[in-house]
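*Asks:* In full-length UniProt numbering, the protein residues as written are 1 to 310.
Don't read these hints as lab results, they were simulated from the structure.
Predicted, not measured: the structure shown is a model, and the values here were computed from it.
Check before you lean on any hint, since a few could be wrong.
What the hints assert, rightly or not - Dumping the calculated EDC-like pairs for lysine to aspartate or glutamate here, alpha-carbon to alpha-carbon at most 20 Å:
(1) K92 <-> E156
(2) K175 <-> D88
(3) K205 <-> E124
(4) K160 <-> D176
(5) K92 <-> D179
(6) K92 <-> E289
(7) K82 <-> E289
(8) K175 <-> E156
(9) K46 <-> E289
(10) K206 <-> E124
(11) K82 <-> D176
(12) K260 <-> E289
Stated by the list, open to error - Cβ-Cβ distance ranges computed for the label pairs, FRET-style:
(13) K260 <-> N47: 22 to 32 Å
(14) N134 <-> R174: 35 to 45 Å
(15) K128 <-> F15: 11 to 21 Å
(16) I278 <-> L157: 33 to 43 Å
(17) G177 <-> P123: 42 to 52 Å
The C-beta atom is built at its ideal place from N, Cα and C for all residues, glycine as well.
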Amino acid sequence: MNITTLRNVTDVDGFVANYAMTIAGLYSVLGVLANLLTIIAFTRQKNLRTNATTLFIINVCISNLIFSSINLPMKVIFYHFKYWIFGDVLCKIYVLLYTIDIFSSWFGIMTVTINRYILICKPEIYGKIYTSRNVKIMIAFIWIIPFFIFAMAFTELYGKVGQSSKSLICTMLRKDGHDIRLISTLASFIIPFTVTSITFLLIYKKVRFNDSTKESNGQENEVNDLSMFKIMLVIFICLLICYLPKPLLAVFDDNRDYPKVNVIGESIYWTHVFTNPIIFFFTGKLYREAYRQMMFSSGKKKTTNNQATM
C-alpha cells in the first residue's frame with residue numbers, strides 16, 4: 001500500500017505548517033553552508049585533517065551536511081503540501097538518514113570526549129589507540145550502528161518504518177508490541193549521553209584537582225586542559241538542548257496528539273545542523289584560524305599541530 005493513502009493531510013494547521021516550512025528551509029541553507037565550509041576549512045589544513053579529534057568532527061559535519069541537504073528540504077515540501085508526496089522508498093531513505101544523523105552526532109561527541117580523556121588523563125597510551133587504522137574503524141562503527149538499527153525496522157524484524165497515522169511523519173513505528181524507537185533512543189542517545197557525562201566528570205576531576213606539579217609549564221598545560229573542558233562542555237550542552245525534545249516526544253507522544261508541540265520539538269532539533277560550526281569558530285583557536293585562512297588568505301599559512309587544543 002502506498003503510504004500517501006494513509007491520510008490526506010496532517011493535523012498541523014496553516015500557521016504552524018508555514019512556521020515549520022520556513023524554519024526548515026532556513027536551517028537547511030545554514031546547515032549546508034556551515035558544514036560545507038567547516039569540512040573544507042578543516043581538510044585544507046594538513047595538521048588538522050590528520051588529527052583524530054578533527055576527523056571525528058568532520059564525520060559529524062558530513063552527517064549534518066547530508067541531513068541539511070536532503071532531510072530538511074524534504075521537510076519543507078512535506079509541510080507545504082501537508083502530506084508525504086515522495087512515496088515509500090524515499091520515506092525509508094529519510095528515516096535512515098535521520099537515524100544516521102542522530103547517531104553520528106551523539107557518538108561523535110562521545111568519541112571526541114573519550115579522545116580528550118585519554119589525551120589528558122592517559123597520554124602514554126594515546127598514540128597506541130588513535131592510530132590512523134583505529135580511527136577509521138571507530139568512524140566506520142559510528143555509521144554501521146544506525147544501519148543495523150534501521151535494518152531491524154526495515155525488515156520488520158523489530159518494529160517497522162512508515163508514516164505516523166496521525167502526523168504523516170516518516171519514522172520508525174511500533175509493530176506487534178515491539179517499539180524499535182526505544183532501542184534506537186537507548187543506543188543513539190542514552191548510552192552516549194551517559195558515557196559522555198561520566199567522561200566529562202573524569203576529565204573535570206583530572207583538570208580541576210590535579211595539583212601534583214606547580215611548574216609554570218604544567219600550570220600552562222592545566223589552563224589549556226581546562227579551556228578544552230569548557231569547549232567540550234558547551235558543545236555537549238548545545239547538543240543536549242537540541243536533541244532532548246525529540247526522543248522525549250518519540251517515547252511519550254506516540255500518537256502525536258499534540259502536533260504543534262511536535263513541530264516545536266522538531267524545529268529545536270534541527271538547530272543542531274549549524275550550531276557545531278559556530279561553536280568551533282568562537283571557541284577553538286586552531287579551528288578559527290582554519291576558517292580565517294580559508295576565507296581571507298591564500299592558504300599558505302599552516303596551523304600548528306596541537307592535539308591538546310581545539
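*Asks:* Hint compliance check: list the failing hint numbers for this structure, sorted ascending.
*Replies:* As far as the earlier hints go, 6, 7, 11, 12, 13 and 15 are violated by this structure, in ascending order.
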